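Peer 1: Going down the list, the sequences are from chains A and B.
Residue numbering for the first sequence follows the numbering used here, beginning at 1 and increasing consecutively.
Residue numbering for the second sequence follows the numbering used here, beginning at 1 and increasing consecutively.
Hints are computed from structural coordinates only; laboratory data are not their basis.
Since no wrong hints were added, every one of them can be taken at face value.
Straight-line Cα separation of at most 25 Å, PhoX-like style, residue types lysine-lysine; simulated pairs: (1) A:K56 with B:K48; (2) B:K99 with B:K52; (3) B:K91 with B:K48; (4) B:K30 with B:K52; (5) A:K56 with B:K30; (6) B:K30 with B:K99; (7) B:K30 with B:K91; (8) B:K104 with B:K46; (9) B:K52 with A:K56.
Every value quoted in this text rests on a predicted model; they were computed, and no experiment measured them.
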Amino acid sequence: MIASFIICFREFLEIAIIISIVFAATRGVCGNVRWIGIGVLGGLAGSALIAVFANKISSSMEGMGQEIFNAGILGIAVVMLVWTVVWMQSHGRALAQKMKQVGKAVCEGDASLYSLAAVVSVAMWREGAEIVLFMAGILSSSSESVISIFAGAAAGAMLAVIVGVLLYFGLIKLSTRHLFSVTSGLLILLACGMSAQVAGYLNAADILPALGQVWDSSWLLAQDSIVGKILHAMLGYSERPSGIQLTFYIGTFGLIYFLLKITKKVSHEK
Amino acid sequence: MRKNIVLALILASISAPAFAETPTFEIVIKEHKFNPSTVNIPAGQKVKLVIKNQDPTPEEFESHDFNREKVIAGNSEGLIFVGPLDAGEYKFFGEFHEKTAQGKIVAK
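Can you build the whole structure from these sequences, using the hints too?
Peer 2: Take a look at the structure:
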């Protein structure tokens, strides 16, 4: 029960944090619960599918299928996040202002909803397949009762949800104006963190070089600790980042900064 | 004549790495334990780990020390590239059965 609790808490925590950030970023946007719900369903379905085909995926691409698949889906998430942040800059402020004027949720089709729902799905695929495979394995091999295993898993998942909920309420305590820039900042850091993960997988697949280990902060904050996991999910904290990961992280930040600058210029010139 | 010999030596030294094979090491997972639990590898060189999971259930081979993680299904094998690593000890573990699945790589 302890094993299923710890592992389910750890794996669900990353998902819960991403979902909280997405909820906070889409607060006041009509249909956000529905679309994020669709994202979650897509995440669940995809996770189960990936778990079933885990072996086939893994042994493809000269044994590097898992790494390339993870790099691919996270890469898609990065692109969606970058697009969302840039889109939100031009449309988001207008929506936030409208919401202030009208005083209630703005019910327009919001493109950020669709892309963030996709990000939720992708984030769930990354962790979800692991959870499914772990649970299937433990249920068939452990001497513990099924109830005990599921109880541990459910408790772990619920604790992760609680952390996510606390994070969400912490975020929305900020005023509408600050909420926009804070959640934009979080989405940017999410993109940078995922980009660093892509680099990690491409290095593991022997496609990119590691370029050395930049630092070892495991003495300061272990990535496996609760705080470490939260920071890993929110801003991509890594206790032993490789040079290529840091390059992708900073590069993604620079790219987003550059894109925000030129789109701001374009919208001012209109 | 001497120029040709020098040219041949230069070409041979450039192409030698292409012919060198990546050192490969096997690790078996059985009853949620690694065998061998200590793997000695050459430092400063990229190596291949072939993880053979002989348990019927999946395991996640993971290491924070050399930055790898991979799920290996039951009765299957997985491939992991490691390094080049500086000389030292690097721990790895099976995330699904952390209590028993522990091991380390020693790079010399």
